[in-house]
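Protein chains in written order, with this note's numbering: chain E, 1 to 296; chain Z, 1001 to 1408; chain U, 2001 to 2322.
No lab work stands behind these hints: they were computed from the structure. Please note that the accuracy of each hint is not assured.
What the hints assert, rightly or not - Using 25 angstroms as the maximum straight-line C-alpha spacing, the simulated SDA-like pairs for lysine to any residue come out as follows:
hint: 1; chain 1: Z; residue 1: Lys1253; chain 2: Z; residue 2: Lys1376
hint: 2; chain 1: Z; residue 1: Lys1335; chain 2: U; residue 2: Arg2110
hint: 3; chain 1: Z; residue 1: Lys1125; chain 2: U; residue 2: Thr2159
hint: 4; chain 1: Z; residue 1: Lys1268; chain 2: Z; residue 2: Lys1376
hint: 5; chain 1: Z; residue 1: Lys1122; chain 2: U; residue 2: Lys2113
hint: 6; chain 1: Z; residue 1: Lys1296; chain 2: Z; residue 2: Glu1276
hint: 7; chain 1: Z; residue 1: Lys1253; chain 2: E; residue 2: Gly189
hint: 8; chain 1: Z; residue 1: Lys1058; chain 2: U; residue 2: Pro2181
To be verified - Pair ranges (Cβ atoms, derived):
hint: 9; chain 1: Z; residue 1: Ala1407; chain 2: U; residue 2: Arg2205; range: 48 to 56 angstroms
hint: 10; chain 1: U; residue 1: Lys2081; chain 2: E; residue 2: Gly124; range: 54 to 62 angstroms
hint: 11; chain 1: U; residue 1: Trp2014; chain 2: E; residue 2: Thr172; range: 37 to 45 angstroms
To be verified - Partner residues aside, some chain U positions facing chain E, computed with beta carbon under 10 angstroms:
hint: 12; residue: Val2099
hint: 13; residue: Ile2103
hint: 14; residue: Asn2112
hint: 15; residue: Met2118
hint: 16; residue: Ile2121
hint: 17; residue: Ser2125
hint: 18; residue: Thr2159
hint: 19; residue: Tyr2161
hint: 20; residue: Ile2213
hint: 21; residue: Phe2273
hint: 22; residue: Val2274
hint: 23; residue: Ser2276
hint: 24; residue: Glu2279
hint: 25; residue: Leu2292
From a predicted model like this one, the values you see are computed outputs, not experimental measurements. Glycine included, every Cβ here is placed at the ideal spot set by N, Cα and C.
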Amino acid sequence: MDVTITFAGFFSQVLVGLSRAMILFIVSSGLSFILGVLRVPNVAHGSLYMIGAFTAHGIAVLLGEGMVGFLAAMIVAPLVVALISLIAERALFSHLYEREHLMLLLFTFSLALILGDLTKMTWGADYRSLVAPPVLQGSVSIFDTAVPRYNLFLLVVGPLVAVALYLFSSKTKIGKIARAAAVDREMVGAIGINVSWVFAFAFVLGCFLAGLGGALVAPTVSITLGMDHTVIIEAFLIVIIGGLGNIWGAMVGSLIFGVSQSLGVLLWPQFAIVFPYLAVVVILTLKPTGLLKSVW
Amino acid sequence: MKRGHVWKATLLLMAGWWVISALLLPAPAAARDIKVGIVDTYSGPAAVFGNDALNGFKLAVDEINKQGVLGGKIVFTTRDEQFKVDIGLNMAKELVMKENVDVLVGTINSGASMAISEAVAKKEKVPFFVWTAKSENITGKAGHRYVFSTAENTAMAGKSAAVALSQKPFKKFWIAGDDYEYGHALADAAWRNLSKIKPEAETIGKTWWKPGEPDLIPYLTAIQAAKPDCIIFATGGLSMANVLKAIKATGMKTPAWIHTATDHSVLKPLGMNAPEGVMGTIQYHYYYPDLAANKKFVKDFQAAYGNPPGFPAFNAYTTAQLIAEGFRAAGQIDKEKFIDAVEGLKVDTPVGKVEMRACDHQAVYPMFLGTTKISKEFGGAISSDIITLRGAEVMPSCEEIAQARKAK
Amino acid sequence: MEKKLNFARSGFLWSAMLFLVLLLVPFFAARFYVYILGLIFARALLAMSLNLLVGHGGIYQFHHAVFYGVGAYTAGLILAKTPLPAGMALLAGPLMAAVAGLIIGLFCVRLNKLYFGMLQISLGSLVWIIALRWYSLTAGDDGIHGIPVPDVISGATPTYYFLLFVAAACLVVMYLILKSPFGVTLRAIRDNPQRCEAVGINVRRHQLLAIVIASFFAGVAGVLYVVLEGSIFPDMLFWVLSLEIFIMCLLGGWFTFFGPVVGAAIMVFLQTFVGSYTEYWTFVLGIVLILLIFFLPEGIMGINFREWARIRSRRASAQAAD
Chain E
1 MDVTITFAGF FSQVLVGLSR AMILFIVSSG LSFILGVLRV PNVAHGSLYM
51 IGAFTAHGIA VLLGEGMVGF LAAMIVAPLV VALISLIAER ALFSHLYERE
101 HLMLLLFTFS LALILGDLTK MTWGADYRSL VAPPVLQGSV SIFDTAVPRY
151 NLFLLVVGPL VAVALYLFSS KTKIGKIARA AAVDREMVGA IGINVSWVFA
201 FAFVLGCFLA GLGGALVAPT VSITLGMDHT VIIEAFLIVI IGGLGNIWGA
251 MVGSLIFGVS QSLGVLLWPQ FAIVFPYLAV VVILTLKPTG LLKSVW
Chain Z
1001 MKRGHVWKAT LLLMAGWWVI SALLLPAPAA ARDIKVGIVD TYSGPAAVFG
1051 NDALNGFKLA VDEINKQGVL GGKIVFTTRD EQFKVDIGLN MAKELVMKEN
1101 VDVLVGTINS GASMAISEAV AKKEKVPFFV WTAKSENITG KAGHRYVFST
1151 AENTAMAGKS AAVALSQKPF KKFWIAGDDY EYGHALADAA WRNLSKIKPE
1201 AETIGKTWWK PGEPDLIPYL TAIQAAKPDC IIFATGGLSM ANVLKAIKAT
1251 GMKTPAWIHT ATDHSVLKPL GMNAPEGVMG TIQYHYYYPD LAANKKFVKD
1301 FQAAYGNPPG FPAFNAYTTA QLIAEGFRAA GQIDKEKFID AVEGLKVDTP
1351 VGKVEMRACD HQAVYPMFLG TTKISKEFGG AISSDIITLR GAEVMPSCEE
1401 IAQARKAK
Chain U
2001 MEKKLNFARS GFLWSAMLFL VLLLVPFFAA RFYVYILGLI FARALLAMSL
2051 NLLVGHGGIY QFHHAVFYGV GAYTAGLILA KTPLPAGMAL LAGPLMAAVA
2101 GLIIGLFCVR LNKLYFGMLQ ISLGSLVWII ALRWYSLTAG DDGIHGIPVP
2151 DVISGATPTY YFLLFVAAAC LVVMYLILKS PFGVTLRAIR DNPQRCEAVG
2201 INVRRHQLLA IVIASFFAGV AGVLYVVLEG SIFPDMLFWV LSLEIFIMCL
2251 LGGWFTFFGP VVGAAIMVFL QTFVGSYTEY WTFVLGIVLI LLIFFLPEGI
2301 MGINFREWAR IRSRRASAQA AD
């Protein structure tokens, strides 16, 4: 690339990578949580992310695209996604917990197909565009470079979600039960806790996070069908390099993924897309179970 | 009456009935319906274009069928290729081998279009109209007798950019776009033609990003730091909205040209937040030109589908006209005669008469160059200060096409 | 319970009869069905090659499409861009695929289960990116079309027979491999890798060999596709296709021999025929899969398997009673 790498350019690229990483973190932490507790790769995670984005758009447009609409969208859209996942879980998924893992994978794949087409049936094929509320629009000038306000917003929200998740899973009773069930479900069942409900809870929480990620990303991208495919592979790779079921691992993985891609753009734009995959290959070759401790 | 008599009477009555009906009923028409098979994308992000094209085609066919073609109607059936080349091939083969369509049309996927062009149109000798995919190779070096294009292509878009930009005082250009075939082809075509018309123009840098890359602000800020006179953006549908959003977010003032930036389907979702002053080219606007034919087309389309037509609908409408007029001129449902008739055929479209050029089977469209401007009446940006570039100005010449095909 | 290779003697009779019927198809079926059957042969071979690893080896081969794509691209590029004889192209495809299997396998085989799969997805995605971005070689996302296929195997019927014979031959070879001591060891490794290690079997080497064999056959499937359609494009290397092949195996019954063939046939059928009736065919597929999961968890072939299990257990208890 013919652009000279200035400090400003470098700085803004890193910021972009970090804010992208925040979205990836929120989505992949949900995936990691589900993988940790249920031991199932949730292929439908991307579809739920997409539904989160579409729903957020719908709500925000309904309430006028101001701060009220935005906040409502950010809160209600993930709840809608959580509700959908609860229905799918109670009606279908919960009956399959005794089956082979590959069957559970097949189930989440079928769910992904169904949700994908349901999205098309509900919202149609048109592109949608959501605008951030006025206070989060535009950019501020830091180190002589324009940094979009919304990116800064994401840089605040991401760590907040991470901290909230951490406190939740280590300080609250239900969080601790979920973590215990991830490590040894028979023991948890043996001491009288309904493991099925623990699984339901974990699944719904994970999907809530997917919906939240979709809602938060909505103002920055074109909301289209096919969003599910792009995010699911990235989320899976992040979960793997971070360590299965490990929230902080998801954070580390997301940071590596997001920043390596945006720096790759600066250094070798044509093949920038390669950098995150290369990072995954390197990490898995050196540390096959992921960077941080895996729950399995 | 005896049983035997009842039988005889019944038989006589039936015979009589057949004789009378044979004399009274008109002889069965020797004509049959013309079957069109449509392969397009109806799922995923490109589906919006597939639906638009189908609606335009439906509207045209409904009108045409009022009169009929060669005593029959035009009937069509659709198949969803899901933007995948292998499914597109599969569906096209099904339409030709099982449904026995007379004409194939579609799709938005350039790869699928070229695959179908080679493996189905050429092999099975079925005429294939590509109506949205923009690769110039379709009628360029990979063109042949059985493939037509009623879409504008990257060569035409590039030349329009060159014609438009050469008239401005820009010397230092930056090229930026989606890192895939369409982006590169568009940029090459633009630069190829621009440097011919204006030798003193120079490219001071190039930037390519992943198609669909959501955050283009850092790219734009880096580009602006180099201070080009003008930026040529080569982006496809996925990144289009992101580019415009980024331009608005950074408040960029550098002049920019993007093919189809002025497309309604791109500007509408941005609403009042679209950037102004961006140059764009496209072969169809529903609000320009102010011809009676266009007004009627828009009115009928809006009444039928609730939204105004986009360029895929326009392309498809033109395709329907070519099919109808082509068969009428051929005089019978014969594929070879149809192809001969369509070559050089001129049909009525909402923007006036459009010719299907014989030497390469490319529809000759005028290009409309405009600048984005917010209009309260439209609730968003539209193309303004529109200049019409005539088709002949922006097409590659027949000699260039012949050379490209030979070189293959 | 050890999952045996489900292939009784009557199964052999059925296969022979099926082969005979398939031989006669071009004489009485419309050209389109001949084409669709050819497509099923190629896909079935691909699914079978994956099942060598997933069903019989217990290996989480999550990006099998890479080897299919490498085989197809190698053959396609040689046919389209070089004056080399066609036979070379058709042989080079599977060989390159096997080499790719070896290289990627070496990286992945040290890991287990899900990690194996994810590392393979990453490595496979790198290959996909190369095919996508190296315009001058591969024409990027447009792909290369109209690849010249040798006359002797082009045209609806010759292509059909070529595909039928090659696929059938490969299936026979695969059956022999699975029946051989190597195959027995592979299944033992699938069921209890620790015990195999304890007995002195080099688990990793066996798995790597299995991967190379499976990749070879995937490459053959890729070559068959090129002969059938004359096109190569990056989607052939994309992870979505890998997932589809995986689903074919699960759909048909992944621990039976013919399961993947059935799964492939069903998927092609659904795609082609359901796709011509509704644009929501993936929705239909999702519903079908869920029904299958609930009512036919061993896959379609699982029906037979359960029958056989019942019959065998009855026979066994009858013998025991004697």
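>> Hint validation: glutamate 2279 of chain U versus chain E, beta carbon distance must be below 10 angstroms. Holds or violated?
In response: Holds. Min distance 8 angstroms.
> Is lysine 1296 of chain Z close enough to glutamate 1276 of chain Z, meaning Cα to Cα at most 25 angstroms?
Replying inline: Not OK: lysine 1296 of chain Z and glutamate 1276 of chain Z at ~29 angstroms, beyond 25 angstroms, violated.
> Any CB of chain E closer than 10 angstroms to the CB of isoleucine 2121 of chain U?
Replying inline: 7 angstroms, holds
> Is 48 to 56 angstroms a correct range for the gap between the Cβ atoms of alanine 1407 of chain Z and arginine 2205 of chain U?
Replying inline: With a Cβ separation near 51 angstroms, alanine 1407 of chain Z and arginine 2205 of chain U satisfy 48 to 56 angstroms, so the hint holds.
> Quick one, is the asparagine 2112 of chain U hint okay against chain E at 10 angstroms, beta carbons?
Replying inline: 8 angstroms, holds
> For the hint on threonine 2159 of chain U, does the least C-beta distance to chain E fall short of 10 angstroms?
Replying inline: 31 angstroms, violated
>> Please check whether valine 2274 of chain U passes as an interface residue: C-beta within 10 angstroms of a C-beta belonging to chain E.
In response: Nearest chain E Cβ about 12 angstroms off; hint violated.
> CB of tryptophan 2014 of chain U to CB of threonine 172 of chain E, is that within 37 to 45 angstroms?
Replying inline: 58 angstroms, violated
> Does lysine 2113 of chain U lie within 25 angstroms of lysine 1122 of chain Z when you go C-alpha to C-alpha?
Replying inline: 47 angstroms, violated
> Is it true that the CA of lysine 1268 of chain Z sits at most 25 angstroms from the CA of lysine 1376 of chain Z?
Replying inline: 12 angstroms, holds
> Taking the closest Cβ pair, is valine 2099 of chain U under 10 angstroms from chain E?
Replying inline: At 18 angstroms from the nearest chain E Cβ, valine 2099 of chain U fails the 10 angstroms test, so the hint is violated.
> Taking only the CA atoms, is the gap from lysine 1253 of chain Z to lysine 1376 of chain Z under or equal to 25 angstroms?
Replying inline: With Cα atoms ~22 angstroms apart, lysine 1253 of chain Z and lysine 1376 of chain Z stay inside 25 angstroms; holds.
Violated hints, in rising order: 2, 5, 6, 7, 8, 10, 11, 12, 13, 18, 19, 20, 21, 22, 23; the structure is consistent with all others.
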